[in-house]
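Construct all of the structure, not just a fragment, from the sequences and the given hints.
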Amino acid sequence: MDDILEILEGNARISLEDLHKLTGKSKKDIERAMKNYEKKGVIVKYKTIVNKQKIDSKGVVALIEVKVAPQKDVGFDLVAQRIYRFPEVKNCYLLSGTYDLLLEVCGEDINTVASFVSEKLSPLSSVRGTATHFMLKKYKEDGVILVKAEKNQRLPITY
Amino acid sequence: MISKRVKKIPPSGIREFFDLVLGMPEVISLGVGEPDFITPWRIRERAITALEEGLTSYTSNQGLFLLRKGITNFLEKKYSLNYNPEEETLITVGVSEGMDLALRTILDPGDKVIVITPYYVAYPALVQICCGKVLYLPTRQEEGFKINLKSLKNLLSQNPKAIILNYPSNPTGVTYSRGELSQIWNILSKKDIIVISDETYDELSYGQAHVPFSSLSKKAREKTILLNGFSKGYAMTGFRVGFACANKEIISAMTKIHSYSMLCGPIVSQVAAIEALGARKEVNQMQREYNKRRGFIVKELNRLGLSTVNPQGAFYCFSSLKKYKINALDFAKKLLVQEKVAVVPGTAFGAEFDSYIRISYANSLENLREATVRIERFLSKL
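Top line first, the protein sequences correspond to chains A and B.
Under the working numbering, read the first sequence as residues 34 to 192, first letter to last.
Under the working numbering, read the second sequence as residues 49 to 430, first letter to last.
In short, the hints are calculated from the structure, not lab data.
Hints may contain errors.
[Claimed, not checked] Capping the alpha-carbon separation at 25 Å, the derived lysine to any residue pairs in SDA-like fashion look like this:
1) A:K61 x A:V75
2) B:K329 x A:E183
3) B:K55 x A:Y192
In structure tokens:
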């Protein structure tokens, strides 16, 4: 992976100046490369990972396994589209295995998610069945460990 | 009570400064001589499993054969270096023990050893413990902290028994190309001298491939004691695993001392080191990360007027304070007290380097950035 992408993946807020110092590339080249990546959809979004467990957040998250009936010519894409367009759906993946779609759904509380499943998701004609798992604790997200991080125990000064 | 030999070793002049740093909380330390990465998980996991498997015994004095074989295979694959794992390889407790064993193996009282300055702190002391005499070979910033061949030739007229090489170097980060090493070997080969080559930072070479001294020629291999280990490249400092490769006669003698003084390296660490040899992805990732930080810190230090030779290896910058006309220890103390940034005064690596500081970039980019902001503020008040 390109240096620029690797650095941005770790810290999207890094300044152009620091990117220049780190990569040795000119600021113009970096800006051009970033714009190009954005245009091509390689860089999709600059996002902040918030550990909601640390703030007073009352929301709940559920992972929902969905069994669906694929449709002629378009396979799972059309039904996936119907589902991922619901604003409650944060992530939507097509998987191999015993079920087809895996959704990450956010809601204010358990009842909101339950209503989403019973009133919006399950009534869809292509949906054959669902299994909802409420998330209890997040340990790691997007490669970042959210619980107490490991700390290097090294002495502050050595030869 | 204490032997005259040990009494003669001068105490470190900067011990007091080290104590000052150790007693100060919340410091951004650029004074650490070890990786900021924790040992990659697959290596730690292997150590845990080793304990679960009940691997808690001694190993053979020379170390686990599987580890020795893994090391020699690795050296062959990476550097086309051939060492026999049975007779020419010894597992040591870090490179530090390897250096101690090498010196104790070859030195008789009064024997001379060339130490290049600035040097890693242990070298002169270890020579003196063996009742040897240190011949210092100074390097200068103007020459990129590289060995001056003429000065080397001059020192050889004193018939030293050995020379200690260390590249990539702690504290300068300087390393040598094959051509430069060949020039050094051309001079050394005219004398009967043993080369102790501490190549512990070989995995952390940037822009140019590391060349082991013993890979220069058959004769160079015969005369070289190659020392290396897992501490720096694999972020395994606390595991204490090093190794020595040399001809059969030398390894056999080193093993003799090791078998009486150390018996063997810890088995859990040795098992973890076998796993480490397969952790190329993790090692390369750390190397790339250091390289990024190197680009950042070198530019920043030079911009701040702390002239720095571009380090081609390790994770250190040896920066000059000449522009600011301040002594290294004063600089380090004031920087610590005023801005809570720790660096190591150059005098730790040779008395003449009192206008240099060693800066370690084994630290997060955020800390390096914050440290340079604080150093800039500090310099503006000088």
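Now for the hints, and whether the structure bears them out:
1. A hinted pair counts as satisfied when its Cα atoms are at most 25 Å apart, and K61 of chain A with V75 of chain A qualifies at roughly 19 Å.
2. Between K329 of chain B and E183 of chain A the alpha-carbon distance is near 20 Å, which keeps this suggested pair within the 25 Å criterion.
3. A distance of roughly 22 Å separates the Cα atoms of K55 of chain B and Y192 of chain A; the hinted pair therefore holds under the 25 Å criterion.
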